[in-house]
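**Student:** Let the hints inform the model, and build the full structure from the sequences given.
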Amino acid sequence: MPGRNNAHLLLYSTNRKDDELLLSILKQSELRFEVTNSKQQLLNKLKDGINKLILISTPSLVNSVRFYYECLLDIPDEELCRHALVVTCSRHEERQAFNYYQSRVVDDYLLTRPLYELHRPISVCYAQLERLGVNLHKSILTTELNGDSPAVAHNSLIREGAERKLKLRGEFETLIAEFDQAIELADAHLSKQEISADDVKRLQGLLKRLHQSSFRPSLIRLQHKTLNLLNALLDKLTHPDDPADIESNSAPEIQQLSAQTIRDEAQVCRILLVEDDNVSAMMSRRLIEGMGLSFDWASSGRRALALLQAKPFDLILMDINLPDTNGLLIADQLPHMNCINSSTVVAILTGIKQKHMVQRAAKVGAKHYLIKPLQHEVLAKVCSRHNLKIPDETP
Amino acid sequence: MVINLSKLSSHVGNVSAADKLELLIRLSNSLQQRHDEIIKAATEFELSLLNALAHKLKTHALYYGAIELHHICAEAEQFTLQAQPGTFELQRWVKRFSAQSIAVQQALIDVIQHWDHQDAR
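These protein sequences, in sequence, are chains A and B. Residues in the first sequence are numbered consecutively from 1, following full-length UniProt numbering. Residues in the second sequence are numbered consecutively from 1, following full-length UniProt numbering.
A hint or two may mislead.
Claimed, not checked - Lysine-lysine pairs mimicking BS3-like chemistry, simulated, CA-CA at most 27 Å apart:
1. A:Lys192 with B:Lys20
2. A:Lys389 with B:Lys7
3. A:Lys192 with A:Lys363
4. B:Lys7 with A:Lys381
5. A:Lys192 with A:Lys27
No lab work stands behind these hints, which were simulated from the structure alone.
**Tutor:** Dropping the structure here:
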C-alpha cells in the first residue's frame with residue numbers, strides 16, 4: 001500500500017493541456033498523484049512494489065491500451081507491482097472501452113473527451129484504489145445540513161444508514177467468497193457429471209442471500225463464472241446422456257471442433273503457449289523450438305493478454321486453469337478484442353479430459369482440444385491443418 | 001515397470017543425450033518437490049491445493065511414462081472434488097501415492113545414474 005508520501009495514482013499523459021480539466025478535478029480529491037509523459041517513469045512505477053492506479057491518457061484509446069501492454073512486456077512477472085489500469089477515451093470510443101472493460105483488458109475507463117461528469121474521475125479512482133487496499137473515502141458524512149430539525153433528522157438517518165451499510169459490507173464480502181467457492185465446486189462436479197442436489201441447494205441458498213443485497217459491483221465480478229456455470233447446466237439438461245469421459249486415456253489426442261480456415265500461404269508457425277506450470281512450459285518449449293517454430297510463453301492470463309495485444313501469433317495453445325483467470329474466458333473474448341490476434345487459431349491444451357469441457361471449448365471458438373502432455377505428432381497435425389510451415393518437416 | 005522413457009522424445013523432440021539427462025534431472029527434482037507439497041497438502045486437508053498439485057503431477061507423470069502414478073493423481077483429482085471426502089479415504093490414498101511416487105523417484109534416479117555413467121565413459 002502507498003506510504004505517507006507515495007503517490008496513489010500515476011497519470012501518463014501525452015498532452016497535459018488536453019488533460020487540464022481532469023487534473024484540476026483530481027486536485028480536489030484526497031488523491032496523491034504524479035503526472036508523466038515518460039515511458040521510463042511509468043516502467044519504474046510499475047516495478048516499485050507499491051500498489052497504485054495507472055491512468056493512461058493519449059489521444060487514442062487503442063494507442064493507450066497498446067502502450068500499456070507494451071510496457072508490461074518489459075517487466076517480468078515477479079517485478080510487477082499490484083496495480084489497476086484506467087484509460088481515458090472520447091465519446092465515440094466508449095463502446096470499444098466498454099469491450100476492453102468487459103474482457104478485463106482495462107479495469108475501468110473514463111470518458112474525458114469531453115468530461116461530462118466532473119467528479120466521475122475521482123469516484124472511479126477511489127473505487128479502483130479500494131480494490132487495491134487503499135481507502136480514501138471519508139469515514140463520516142461531512143456535508144452538514146442546515147440546523148433546522150427536519151434536515152438534522154435527515155442527516156442523522158443518512159449517517160446511521162451509511163454506518164450500517166459499512167458493517168454489512170464485511171458480511172457481504174464473506175458471502176461473495178462463499179458463493180465463489182460454491183460455483184467452483186459445482187462447476188468441478190458438473191465437469192465430472194457428478195452434480196448433486198446438494199450443489200443446487202447450496203447455490204440456491206447463497207443466491208437467495210445475494211439477491212437480498214444491493215451491492216451490485218461485487219456481483220458483477222461473479223458474472224463470468226456464473227454465466228459459464230449456467231451455460232454448462234443448460235448443456236447438461238439438453239444433453240443428459242453424454243458420456244462423462246472422452247475415450248482416450250493417457251494418449252494425447254486431437255479433436256477437430258469446426259471447419260478450418262486454410263491460409264493462402266504457408267508460413268513458419270509462431271506459437272503462444274499460455275501455461276502456468278513451469279515444467280509443462282519447459283517441455284513444450286523444447287518440443288516447439290526443436291521443431292523450428294517460434295515460441296512465446298505467458299504464465300498468466302494477464303501476461304497472455306499483454307502478448308496478444310502486442311505480437312502476432314499463428315497458434316495459441318491455451319491452458320484452462322490459470323492463476324488469474326480461465327483460458328476459456330480468454331478464448332471467448334479474443335474475437336471481440338479487435339486486436340492483431342482476434343482471428344488467431346486457439347487450441348486448448350489441458351489435462352482435463354471430460355467431454356463436457358470439450359463442448360465448452362468449442363462454444364468459445366477453440367479449434368482444437370488437445371490433452372496434455374503435448375506431443376510432436378499432435379502439434380504437427382494441428383500446424384498442417386492450418387497450413388503452418390514446420391521447418392524441420394519441410395522436404 | 002514404474003516408468004517408461006520410450007515416449008520422452010515425442011514430448012520434447014529429438015534432443016541430445018546430454019539434454020535428455022538434464023531434462024530427466026529437472027523432472028526428477030520437480031517430482032521430489034511436488035511429492036513433499038502433495039503430502040503436506042493432504043496432511044493439512046488442503047483439498048483445493050491437493051487437487052491443483054495432483055492435476056499438474058498427473059501430466060508430469062506422463063513425460064516419464066509413470067502410468068500408475070498418473071492414475072493415482074487422477075484419483076486424487078476426483079475425490080478432492082467431493083463435498084466431504086473421508087479422512088480414511090485420504091489416508092489410504094496418501095499411502096498409495098507415497099509408495100508409487102517413491103518408486104518412480106528411485107527409478108528416475110537409477111536411470112539418471114546409469115546415463116550419467118555412460119556419459120562419463
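**Student:** Tell me, which hint numbers fail for this structure?
**Tutor:** 1 and 5
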